[in-house]
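Asks: The residues making up each chain are set out below.
Number of protein chains: 2
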Amino acid sequence: MSRFWNERTRNLKPYVPGEQPKETMIKLNTNENPYPPGESVLAAMRDAVNGGLRLYPDPEATELRETFAAYAGVKAENVFVGNGSDEVLSFAFDAFFPAERPVLFPDVTYSFYPVYCAHLGLTYEPVALKDDFTIDPADYRRENGGIVIANPNAPTGIALSLSEIETILKANPDSVVVIDEAYVCFGAESAVALIDRYPNLLVVQTMSKSHALAGLRVGFAVGQPELIDGLNRVKNAFNSYPVDRVAQAGAIASLKDSGTIDANLNTIRATREGVSVALRGIGFDVLPSSSNFIMIHYWNCSAKRLFDHLRKEKILVRYFNLPRIDDYLRVTIGTKDEMRTFLDTVEDFINSLDKN
Amino acid sequence: MSRFWNERTRNLKPYVPGEQPKETMIKLNTNENPYPPGESVLAAMRDAVNGGLRLYPDPEATELRETFAAYAGVKAENVFVGNGSDEVLSFAFDAFFPAERPVLFPDVTYSFYPVYCAHLGLTYEPVALKDDFTIDPADYRRENGGIVIANPNAPTGIALSLSEIETILKANPDSVVVIDEAYVCFGAESAVALIDRYPNLLVVQTMSKSHALAGLRVGFAVGQPELIDGLNRVKNAFNSYPVDRVAQAGAIASLKDSGTIDANLNTIRATREGVSVALRGIGFDVLPSSSNFIMIHYWNCSAKRLFDHLRKEKILVRYFNLPRIDDYLRVTIGTKDEMRTFLDTVEDFINSLDKN
Chain A
4 MSRFWNERTR NLKPYVPGEQ PKETMIKLNT NENPYPPGES VLAAMRDAVN
54 GGLRLYPDPE ATELRETFAA YAGVKAENVF VGNGSDEVLS FAFDAFFPAE
104 RPVLFPDVTY SFYPVYCAHL GLTYEPVALK DDFTIDPADY RRENGGIVIA
154 NPNAPTGIAL SLSEIETILK ANPDSVVVID EAYVCFGAES AVALIDRYPN
204 LLVVQTMSKS HALAGLRVGF AVGQPELIDG LNRVKNAFNS YPVDRVAQAG
254 AIASLKDSGT IDANLNTIRA TREGVSVALR GIGFDVLPSS SNFIMIHYWN
304 CSAKRLFDHL RKEKILVRYF NLPRIDDYLR VTIGTKDEMR TFLDTVEDFI
354 NSLDKN
Chain B
4 MSRFWNERTR NLKPYVPGEQ PKETMIKLNT NENPYPPGES VLAAMRDAVN
54 GGLRLYPDPE ATELRETFAA YAGVKAENVF VGNGSDEVLS FAFDAFFPAE
104 RPVLFPDVTY SFYPVYCAHL GLTYEPVALK DDFTIDPADY RRENGGIVIA
154 NPNAPTGIAL SLSEIETILK ANPDSVVVID EAYVCFGAES AVALIDRYPN
204 LLVVQTMSKS HALAGLRVGF AVGQPELIDG LNRVKNAFNS YPVDRVAQAG
254 AIASLKDSGT IDANLNTIRA TREGVSVALR GIGFDVLPSS SNFIMIHYWN
304 CSAKRLFDHL RKEKILVRYF NLPRIDDYLR VTIGTKDEMR TFLDTVEDFI
354 NSLDKN
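Note that the protein sequences, when read in sequence, are chains A and B.
Under my numbering, the final residue of the first sequence carries the number 359; numbering is consecutive throughout.
Under my numbering, the final residue of the second sequence carries the number 359; numbering is consecutive throughout.
If you're looking for bench data, these hints aren't it; they were derived computationally from the structure.
Among the hints, a few may not be true.
Put simply, identical chains are the same to the list, so a pair is met inside one copy or across any two.
Only pairs whose alpha carbons sit at most 25 Å apart, straight line, appear in this in silico SDA-like list of lysine to any residue [as the list claims (entries may be wrong)]:
no., residue 1, residue 2
1, Lys78, Gln227
2, Lys259, Glu42
3, Lys16, Pro101
4, Lys16, Ala79
5, Lys307, Asp347
6, Lys317, Thr65
7, Lys259, Gly76
8, Lys25, Ser243
9, Lys339, Ile285
10, Lys16, Leu123
11, Lys259, Asp50
12, Lys339, Leu45
13, Lys16, Arg6
14, Lys78, Ser193
Bound conformation, chain A alone (with noise of 0.2 Å):
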């Protein structure tokens, strides 16, 4: 604590990111993507490492938008690029979410947006999902300043229908509703098909995941282009510039690499669908994920007790120590040799449990 930080500040309860370890480890504490960008865009970057770099880039990031847009079936004009989606969700929640009424999101879900609210003086309540952990759309029929669902949510996994998220749309035609696609790819529907329809809908969505560019820091939101218009407004209140000339090609690049993208989407669907199969197996809670990563729930162990086995074996995963979910684990789905350790060290571990 500082004298010199404004009372903000001083109230900040700032974001914890996953661990970044120093030393080698299966690392599946952070969601990132096990298999490593194409080729094509390691070379388009090679190729943007230049002596152009003295000058700024596009601040528009005009070439980048339109790939995106091509991508997605919409607009340049409908595309916002940030300097990932967190930057984006952050310019969202500036952008539209009034002062005087509170933002609704699921008590269990990506625990960024509390501190986004913090940091803008907003205020939220936190709206509990079901005993099963999904959510209910008709819970989000209350007065509210704006919504934020992550779909699939964050950490259960668990993805709404777009017909589910049409009825928080139409039950909420005042509102901006955040739809954070950050895992889309891995198993839901996107909304982005919904926003002719709806001009308060805006669905962000990240090239962190998928596109196996944490590293890079790009992230979209897709809307109609008066909150586009909106989220161009405070970047500019903000940081011209957010995106670099490399980071610009890179995802240039691996937009239209569609080849490998979905093959590696195909083998993580894969693998997330048999480690779910041997955990239930084996006597695991496993929350049904249409992510890149899996909520699970052991009987007969704490979730911190296992977390700090697997840590000890240089297996890295993430535990919540909030409510509701300070009993769960999440994995995130790794390479088929990972998370074969990964099962195995489990398995071991239990049988070890169950002996004593």
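With chain A fixed as given, assemble chain B onto it according to the hints.
Replies: Chain B alone, transformed into the frame defined by chain A:
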């Protein structure tokens, strides 16, 4: 305007960056470095373009902070890294300046400062530069919630001495004083040397200008740890990973490449002095610059008219339609060849004026 924008967004007047022209022009409008980064910088970035991009970058940019600390003669705990100095400046306004008292900065300075204030709900009081466009430190002896001084100032290019900065720091022990040193390497003294003695001092620097990496987006703040911690609180309430892997690698390499940097700085300074002498020789008023740009005025032609003529001749400079400086042009110092063309074009034009 949209009914979905909140009140703050409706009232924003976003910053307008200098044009990034699509056609080939002599580009003297956004104070970029005319010489490219060194080969070792490009090589380090190409090396960073590899399969590891699937993983998040180090959120704390530890190696980059350590490298910058060694470069600047401070400790890593004194260093904050962000996505360009615009982001770093915004975080500083956000973390330290209270809503209750006005932020002070010169009436003629970087025009992003009032935009940050509007975005963050802060009030500000512009402090008039003297008639010769210099800053009088005694003018910063009044009630305030924070002070921002660009040194050298932009777009004037005029620098304060360290003792003048100390006068401001001593007069304001309870306010954070931000010294924005975007252009310091081109001819001013850095206030980094003062951070041990002034807990209220935050120095902001960038790799965009002196290090020729505008396309990469890396900026720094230097100060005592309590100020750095305040910036980290804001960063972690906004975006955990602001600086991507390739940018971190390029910035580290450039900070070690003092040979290239110093040679280019020397050339730019020599070019600036030569151009200034030549312009004065043909009747221009040229403010004394410690930066990589000059502010110029001609007695017999409006700045806008000269701007339009230069643009027609494919030379892009910066015209500000703002009080006090609307009869000046800001001209970035380009290569020797670019400045020769600029001088010839200007001279031809004013000769044609005199004949009319």
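Asks: State for each hint whether it applies.
Replies: Status of the hints after comparison with the structure:
In the homo-oligomer, the alpha carbons of lysine 78 and glutamine 227 lie at most 25 Å apart inside one protomer (10 Å), although the nearest pairing across protomers, at 47 Å, exceeds that limit. With identical chains, the CA atoms of lysine 259 and glutamate 42 are at most 25 Å apart within one copy only, with a shortest distance of 12 Å there and 29 Å across copies. For the homomeric pair lysine 16 and proline 101, the shortest alpha-carbon distances inside one copy (21 Å) and between copies (18 Å) are both at most 25 Å. When the C-alpha separation of lysine 16 and alanine 79 is checked against a cutoff of 25 Å, the pair qualifies only between copies, where the shortest distance is 23 Å, while the shortest distance within a copy is 36 Å.
Only within a single protomer do lysine 307 and aspartate 347 lie at most 25 Å apart by alpha-carbon distance; the minimum there is 19 Å, versus 73 Å between protomers. Within a single copy, lysine 317 and threonine 65 get their C-alpha atoms only as close as 43 Å, which misses the 25 Å cut-off; across copies the closest is 22 Å, which meets it. In this assembly of identical chains, the alpha carbons of lysine 259 and glycine 76 lie at most 25 Å apart only when taken from the same copy (13 Å versus 45 Å across copies). In this homomeric assembly, lysine 25 and serine 243 come within 25 Å of each other (Cα to Cα) only across copies, at 17 Å, whereas the closest approach inside a single copy is 33 Å.
In this homomeric assembly, lysine 339 and isoleucine 285 come within 25 Å of each other (Cα to Cα) only inside a single copy, at 18 Å, whereas the closest approach across copies is 73 Å. For the identical chains of this complex, lysine 16 and leucine 123 are neighbours both inside a copy (12 Å) and across copies (18 Å), given an alpha-carbon limit of 25 Å. Taking identical chains as interchangeable, the C-alpha atoms of lysine 259 and aspartate 50 lie at most 25 Å apart whether they share a chain (16 Å) or sit on different chains (23 Å). Taking identical chains as interchangeable, the C-alpha atoms of lysine 339 and leucine 45 lie at most 25 Å apart only when both belong to the same chain, with a minimum of 24 Å there against 35 Å between chains.
Only within a single protomer do lysine 16 and arginine 6 lie at most 25 Å apart by alpha-carbon distance; the minimum there is 17 Å, versus 31 Å between protomers. Taking the closest pair of Cα atoms, lysine 78 and serine 193 come within 25 Å of each other only inside a single copy of the chain (16 Å); across copies the shortest separation is 47 Å, beyond that limit.
Checked against the numbered hints above, the structure breaks none of them.
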